[in-house]
Every structure is written in structure tokens, then in C-alpha cells.
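Use these hints to put chain B onto chain A, whose structure you have.
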Amino acid sequence: MITISNLSKEYNTPYGKITALKNVNLKISRGDIYGIIGFSGAGKSTLIRCINRLEEPDSGKIEIDNLDITVLDKNKLNESRKKIGMIFQQFNLLDSRTVFDNIAFPLEIDKVPQREIKKRVEEILELVELTDKKDAYPSQLSGGQKQRVGIARALANKPDILLSDEATSALDPLTTFSILELLKDINKKLKITIILITHELDVIRYLCRNTAVIEQGEIIESGKTEELFLNPKSETLRKFIEIISGFERKSPRDIGEVI
Amino acid sequence: MSEDLIEILSKGLAQTIYMVLVTAVISNFLGFLLGITMAITDKGHIWQHLKANKILGTMINIVRSVPEIILIVVLIPVTRIIIGTSLGTTATIVPLTIGVTPYLARVYESALRTVERGKIEAAHAMGANEWQIVFKVIVPEALPAIVRGMTLGMISIIGVTAVAGATGAGGLGDLAIRYGYQRYRTDVLFGTVILIILLVQWVQFLGDFIARSINKKRYKFE
Chain A
1 MITISNLSKE YNTPYGKITA LKNVNLKISR GDIYGIIGFS GAGKSTLIRC
51 INRLEEPDSG KIEIDNLDIT VLDKNKLNES RKKIGMIFQQ FNLLDSRTVF
101 DNIAFPLEID KVPQREIKKR VEEILELVEL TDKKDAYPSQ LSGGQKQRVG
151 IARALANKPD ILLSDEATSA LDPLTTFSIL ELLKDINKKL KITIILITHE
201 LDVIRYLCRN TAVIEQGEII ESGKTEELFL NPKSETLRKF IEIISGFERK
251 SPRDIGEVI
Chain B
260 MSEDLIEILS KGLAQTIYMV LVTAVISNFL GFLLGITMAI TDKGHIWQHL
310 KANKILGTMI NIVRSVPEII LIVVLIPVTR IIIGTSLGTT ATIVPLTIGV
360 TPYLARVYES ALRTVERGKI EAAHAMGANE WQIVFKVIVP EALPAIVRGM
410 TLGMISIIGV TAVAGATGAG GLGDLAIRYG YQRYRTDVLF GTVILIILLV
460 QWVQFLGDFI ARSINKKRYK FE
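Protein chains in written order, with the numbering used here: chain A, 1 to 259; chain B, 260 to 481.
Bound-form chain A, shown alone (with noise of 0.2 Å):
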């Protein structure tokens, strides 16, 4: 169980302070794929780092099993992100180290001998379906294929929470379903918490039980993700699924126009 309570962060500009989260409540139960959608410059992005604290919040706590990682040292906070993994629009991979090297790289980091970190590494290879590329350096690979190596590396410490920062935004549309499908599949096969932040609605759609609408550094609604979509009470939620039932309604008839 995750509860995130009165979570604000506010930013130092030349320009003013700018609010990134007003406090932010929320509960992500164990095993759940809670999806935070919202426009640019909305806050989720600050909101998801924070929970790793690769961003520092102003004020309010984030409970992970009724452990506040918001008061934890360096030393205690680097062994809680043992134990949460995260990948990233850009997936960060290093460009010196093979796909296995790569997803060898957290359990070197938590001094994993050397022998079980090669049986690890070939494990979550084989769920990620890449054991042919375990050679290749991340050059070499397209993007999925990178995103693949990012999510394994990030499952590779058997993490309880998976942490998805835009993960699809930089994919095609058809490799981007075939991340998200993973990522289904191993919520199913690992028990997994995935808590992940887009600003497609496709995906939320697609892959999350329950979603938070975030609008301007404030959750302004979230639910079940089926109820949500029947009854928008938001700005933000509303014009997400007017853009795309627009182009819904719109294409058959532009394309009739065309032929």
C-alpha cells in the first residue's frame, strides 16, 4: 500500500515561485497499475519523482507499507530504491555496458555475487524476451528493444513497485503497445505495483485499474478508470477524450473526403 499525503513542492524561478504539487492524497494498493495522466507542465512528472525522491517535496508524506520515505537518510533511502524500480521516456540506458550489463547493473550495485547475478540477469531476459540481444550494446537496439532493457533493469532487484515516467511517450504507436502489454504481463506474473504517469489517454485506457487526473499540481479526480471515462467531471479528463472521440468521429468522413 502507497498513501501519499499532503505532498506539496514549490519551484524557485527568476520569475516567481511556481507550484508544482497542492497537496497531492493518494492510495495505490498493492499489486494495482495506477495511472496519473495530465497536460504538460500538470505535475506529474515532480509528483512521480518524488516518490523515489529523485525530486525533493516540500511538505506532506509518502508512505510505502507505513514506511515514510520522505523522512529516510541517504543511506536507508538508497536501499528503499533498491526496492523500486524506474524507467524513463528516454530509458537512460548506459552506453558503455551490454543489454546485460545493463540489467546487471542494480544487483553489482547491491554487491549481488557474481553468479547469481548472471542466473538474475538471464531470468528477466527470457521475461523480457531479449536473450538474443544480450550482447549488444544499447546503440544497437531500437527503441522498444531499449525500453525492454530499461524495464528489466528495473525489474531485476525484484522491486515491489515499478515507477513509469513517460515510458511510451518516445515509442511508436505499435511498439508502444507492445511495452504496455509487458508491462500488463509482468503486473500478472510478478504481483507488481506499477504506478505510472502519461499524457496518453490510450494508455491509461489500456493498461490502468485505477487513475488520478492531475491539473495543475492538484489531483482533481481519480477512481476506478472505467467509471472515470463514463463520467469526466474534469476539464483536463474531458479534453483528453474529446481530442480523441474528435478524431474518431472525425476520420471515416476526411478520408471519404479524400477518396
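Wrong hints could be hidden among the right ones.
What the hints assert, rightly or not - DSS-like mimics (lysine-lysine), calculated; alpha carbons at most 25 Å apart, straight line:
(1) B:K395 to A:K111
(2) B:K475 to A:K133
(3) A:K118 to B:K395
(4) B:K476 to A:K134
(5) B:K395 to A:K158
(6) A:K133 to B:K479
(7) B:K395 to A:K76
(8) B:K475 to A:K74
(9) A:K133 to B:K310
(10) A:K83 to B:K395
To be verified - Among chain A residues calculated to face chain B with C-beta under 7 Å, some are:
(11) N52
(12) K82
(13) K134
(14) Y137
As the list claims (entries may be wrong) - Distance ranges between label pairs, derived from CB positions:
(15) A:E108 to B:Y277: 37 to 45 Å
(16) B:A273 to A:T131: 52 to 60 Å
(17) A:E108 to B:N474: 21 to 29 Å
(18) B:V337 to A:R115: 47 to 55 Å
Treat the hints as calculated values from the structure; they're not laboratory data. Here the structure is a predicted model, which is why all the values come from computation and not from measurement. Just so it is clear, CB atoms sit at the ideal spot from N, CA and C, and this is done for glycine as well.
Using the frame of chain A, we list chain B on its own:
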């Protein structure tokens, strides 16, 4: 061409190589430490210490702005304390090292800065500590840039070693001045120039080769 030419040149070359190598080992080591410290203490980096960064940066700039030939003279007392004398090849290594280290620090600092923040952030997210980030992420990722920086550094060490010849340090620069300039031995003068050119070419070739083979391994396509 006189009969003693080969003998004179080979002695000078040996002295130059000796000075360059010892200076290179010490100044690369110190410059690397300073470069890493400068890179990671900068704003928003993994070990932010703005004051330390500023002080160190200013010190590096001060030493860098003194020309090598003046540095050799200014540092005579320091050299005497460390080596016991301020004359000869070994003694010259002291001012050479002090002169070149700040330059190398800047070279390494900028090489280490080429590593994208996202990679460092990913390592943070995996629970890596500062040491692990430096030695498992920043240094390996910057390796091609580090090798190129080291090449630049070696070439400038060869340059200042030749300049140090003006103060009787020995080596090829010394030959060029004593034989070429003072005794009109044009053959020695040209000999030293050719040897220094060859030395620089060889270092550049080696550096390029190593950097390129690292990149080839990392970025080759099947």
C-alpha cells in the same frame, strides 16, 4: 651532418620522454581527481558544494594563467624543497606537473560533463551511492572523451617540456636552444623539430585509435 648528431639527439629524446612520462603520470592522476571533483561539486550534480567548486575553480584558473616559463622560475624554491635542486630533468618535472595539472583538470572536467544527467538520475533511482555513480556510470560513459582529453594533455605536456629546455632542463627543447640557437647547429635544430613532430603525431594517432576503438565497440551496427 656531423657524426655526433645521432648521439646528441638520442640523448635529448630520452630525456624528453622521461620528463613527459613522469609528468604525465603524476599530472594525469592529479588532474583527473581535480576534474572529477570540479564536475561533481557543480550545481545540481551528485555532490554539490558550490563554495568548494568556486575556490577550486579559481585556484585552477590562477595557475593556468601563469605561462609555463614563468612558472618554472617562480617555483624554483618549491622545486628545491621537493627535489633538492632546481636544475636538470628531474627537477623540471615539478614545475611541469604543477603547470599542466590545472589544464588537465579542466580537460577532464569537461569530458566528465558529457555524461547525460538522465543516466546519473537512473543510477540514483536504482540506489547507487556517489562512488558507484562516479566509477560505474560517469567514468565509463565518458571514457572516449577522457581518452581524447588525455591525448590533448599529452601533446601539451610535450610542448611545455620543450619550453622548459630554455632553463636548462635537458631534452629536445634544451638541444634546440643550446645547439640550434646558440651554436648555429641547424642539423640539431631540425632534428629536434622532426622528433617532436613525430612524438606528437604518434601520441595523437594512439589516442585517436583507442578512442575510436571504444566507440566502434559501443556504436557499431550489425
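Going down the list of hints, with the structure as the test:
| no. | hint | result |
| --- | --- | --- |
| 1 | B:K395 to A:K111 | holds (13 Å) |
| 2 | B:K475 to A:K133 | holds (18 Å) |
| 3 | A:K118 to B:K395 | holds (18 Å) |
| 4 | B:K476 to A:K134 | holds (14 Å) |
| 5 | B:K395 to A:K158 | holds (21 Å) |
| 6 | A:K133 to B:K479 | holds (14 Å) |
| 7 | B:K395 to A:K76 | holds (21 Å) |
| 8 | B:K475 to A:K74 | violated (38 Å) |
| 9 | A:K133 to B:K310 | violated (46 Å) |
| 10 | A:K83 to B:K395 | holds (20 Å) |
| 11 | N52 | holds (5 Å) |
| 12 | K82 | holds (4 Å) |
| 13 | K134 | violated (14 Å) |
| 14 | Y137 | holds (5 Å) |
| 15 | A:E108 to B:Y277: 37 to 45 Å | holds (40 Å) |
| 16 | B:A273 to A:T131: 52 to 60 Å | holds (55 Å) |
| 17 | A:E108 to B:N474: 21 to 29 Å | holds (24 Å) |
| 18 | B:V337 to A:R115: 47 to 55 Å | holds (52 Å) |
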